[in-house]
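Join the two chains into one complex using the hints; note that each chain is given alone, in its own frame.
Residue numbers (this note's numbering), protein chains in the order written: chain A, 1 to 75; chain B, 1 to 170.
Note that these hints are calculated values from the structure, not bench results. By construction, the Cβ of each residue, glycine as well, lies at the ideal position given by its N, Cα and C atoms. Fair warning: there could be bad hints in the mix.
Claimed, not checked - Pair by pair, the computed Cβ-Cβ distance ranges are:
1) A:Glu64 / B:Ala145: 49 to 55 Å
2) B:Trp143 / A:Thr28: 31 to 37 Å
3) B:Arg92 / A:Phe45: 32 to 38 Å
4) B:Leu99 / A:Gly68: 30 to 36 Å
5) A:Ile3 / B:Leu118: 25 to 31 Å
6) B:Gln7 / A:Gly38: 39 to 45 Å
7) B:Leu99 / A:Glu64: 30 to 36 Å
8) A:Phe45 / B:Leu118: 40 to 46 Å
9) A:Thr28 / B:Arg161: 20 to 26 Å
10) B:Arg92 / A:His12: 24 to 30 Å
Claimed, not checked - Over the 10 Å line for every Cβ pair with chain A, so calculated as not near, a few chain B residues:
11) Asn2
12) Leu11
13) Leu19
14) Glu51
15) Val76
16) Leu81
17) Arg111
18) Cys121
19) Ala127
20) Ser136
21) Gly168
22) Val170
Said to hold, decoys possible - Anything over 10 Å on all C-beta distances counts as not near chain A; from chain B, calculated:
23) Arg17
24) Tyr36
25) Leu52
26) Pro57
27) Val68
28) Leu72
29) Gly75
30) Gly89
31) Leu99
32) Ala109
33) Trp110
34) Leu118
35) Phe150
36) Ser160
37) Leu166
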Amino acid sequence: MAIRVRLDEKLHERRMTLTELAARVDITLANLSILKTGKARAIRFSTLEAICDALQCQPGELLEFRAGGDVNDAS
Amino acid sequence: MNRISSQALSLAPPAIRALVVLNAIYAVCLIAAFTYSFFITGWPVRPLGAELVAQHPRIGIGLRTIVVIGLLGAGVMHTILRRLLAIVGTVREGNPFILDNARRLEQIAWRLVALEVLRVCVAAVAAATWEAGRISAFSIAPWLAVLLLFVLAGVFAHGSRMRDDLDGTV
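One chain only, chain B, in its complex shape (with noise of 0.2 Å):
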């Protein structure tokens, strides 16, 4: 293993620990504002502007229904970021090529698509109650993830297979 690999395997628990407390607390606050937009007077003129309301009526259920769909996303983000933690574990205990650790990577893979879903229902949120395109709904880069993980689900299944074939080998 190089030192760079290295240095990022030792430094991946706390780093996605931290991640772990960050999404929780991003979580919080958007339970937080949700529940707040319901006690505020006046809602959605008042902390909006009348001028922008008044050109997007919508625009106080969009903005609800946009926090609603965040907190779905930090659910998901906090399954992948444990199984993230899991599989980090099995390669510091020196046996990765399991096939719980395939498993986990084909789950986080199907849960990067779930975000990339969620970030098209924003965006036609955003579209459908405030402007059409103000927020993107389409980038590559998540999907090539998603196509990443998939094929090393496939290639941690078959190190499995391998080192099973070698397990009692002497």
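Okay, chain A solo, but in the shape it has when bound (with noise of 0.2 Å):
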């Protein structure tokens, strides 16, 4: 997947953890786990919202987009 969802910095600048990020966007610890290790094929729009919202901060600051592939990928 080429695009990644930077969520551990965001954490980490809030000094967040997933734990804590799921229990206030009411999503499931399991599906921020996917998302986090860039396993989520789709985002919905609510979800994005709510996360934006709990880490303060702009979509475009949570996804990144690398062209030619895996984001993961060693470069």
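Written out as structure tokens, the structure reads:
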């Protein structure tokens, strides 16, 4: 997937754990893990809105696009 | 899911298993009847009556043929019931919209067509060896069921693709 969710960085900035975020945004920890590990194939706007609200950030700060394929590839 | 659907779903597996057993018993009885007919002294006059056999001389072979067709029907019914049980299993697991179920529904539809063809064969044999019109060849309800099943197979195939799209959506 060429789009990565920069959840780790944002959680670190806000001094928040994934578990705390899951409780705040009413999304299961399992789903947030799927997002964090880059296994999600799609994200609902409602989910994105909830995460941005909880982390006080813009969608553009949360999402990273790298052309040419998998963002997780070593380059 | 409404209450009736939920109750039907919980009753379906034991009901289908009971039908599998009944169908097997039916097949065994047919085999027994067919086999026994070769050991009956004076077949077919003694069991069916001289007058009937005199009027319809081929009734003996007609009956045996119908029994064989019935046995084929029991085999087809068994495959239908097994597939139905598998479909119900996936619904209870919470994952019914899979391509396997679309395929199973289509296969059940074709097997219903086969059963209707066998029904026509039975009616034809009865007409040829006994009396025309004694066994009805055509009924609209099974054909409507066939149509419904083909439509449902398409619905499930589409549902499976939609579910695949949704998979991995957070």
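Going down the list of hints, with the structure as the test:
1. A:Glu64 / B:Ala145: 49 to 55 Å: Holds, at about 54 Å.
2. B:Trp143 / A:Thr28: 31 to 37 Å: Hint violated: Cβ distance 47 Å, outside 31 to 37 Å.
3. B:Arg92 / A:Phe45: 32 to 38 Å: Holds - the Cβ-Cβ distance for B:Arg92 and A:Phe45, about 33 Å, lies within 32 to 38 Å.
4. B:Leu99 / A:Gly68: 30 to 36 Å: Hint holds: Cβ distance 32 Å, inside 30 to 36 Å.
5. A:Ile3 / B:Leu118: 25 to 31 Å: 56 Å, violated
6. B:Gln7 / A:Gly38: 39 to 45 Å: Between B:Gln7 and A:Gly38, where Cβ atoms are some 43 Å apart, the hint holds.
7. B:Leu99 / A:Glu64: 30 to 36 Å: 34 Å, holds
8. A:Phe45 / B:Leu118: 40 to 46 Å: Violated, since A:Phe45 and B:Leu118 (Cβ atoms, about 55 Å apart) do not stay within the stated range.
9. A:Thr28 / B:Arg161: 20 to 26 Å: 25 Å, holds
10. B:Arg92 / A:His12: 24 to 30 Å: 43 Å, violated
11. Asn2: 27 Å, holds
12. Leu11: Fine: 32 Å to the nearest Cβ keeps B:Leu11 off the interface.
13. Leu19: About 39 Å separates B:Leu19 from the closest Cβ of chain A, which puts it past 10 Å; holds.
14. Glu51: Check passes; 76 Å lies beyond 10 Å.
15. Val76: B:Val76 clear of chain A: closest Cβ-Cβ about 41 Å, beyond 10 Å.
16. Leu81: 37 Å, holds
17. Arg111: 36 Å, holds
18. Cys121: 51 Å, holds
19. Ala127: 60 Å, holds
20. Ser136: It holds; B:Ser136 is separated from chain A by about 54 Å at its closest Cβ, greater than 10 Å.
21. Gly168: Given that some Cβ of chain A is not farther than 10 Å from that of B:Gly168, nearest at about 3 Å, it is violated.
22. Val170: 5 Å, violated
23. Arg17: 35 Å, holds
24. Tyr36: Its Cβ never comes within 10 Å of chain A, the nearest being 62 Å, so this holds.
25. Leu52: Holds: least Cβ distance 70 Å, greater than 10 Å.
26. Pro57: B:Pro57 is indeed farther than 10 Å from all Cβ atoms of chain A, at 71 Å.
27. Val68: The claim holds: B:Val68 sits with its nearest Cβ about 54 Å from chain A, beyond 10 Å.
28. Leu72: 47 Å, holds
29. Gly75: Check passes; 43 Å lies beyond 10 Å.
30. Gly89: 25 Å, holds
31. Leu99: 18 Å, holds
32. Ala109: Answer for B:Ala109: holds, closest chain A Cβ roughly 33 Å.
33. Trp110: Check passes; 35 Å lies beyond 10 Å.
34. Leu118: 47 Å, holds
35. Phe150: 31 Å, holds
36. Ser160: Consistent with the label, B:Ser160 stays out of reach of chain A, its closest Cβ about 16 Å off (over 10 Å).
37. Leu166: B:Leu166 is in fact no farther than 10 Å from some Cβ atom of chain A, at 8 Å.
Violated hints for the displayed structure, listed by number in ascending order: 2, 5, 8, 10, 21, 22, 37.
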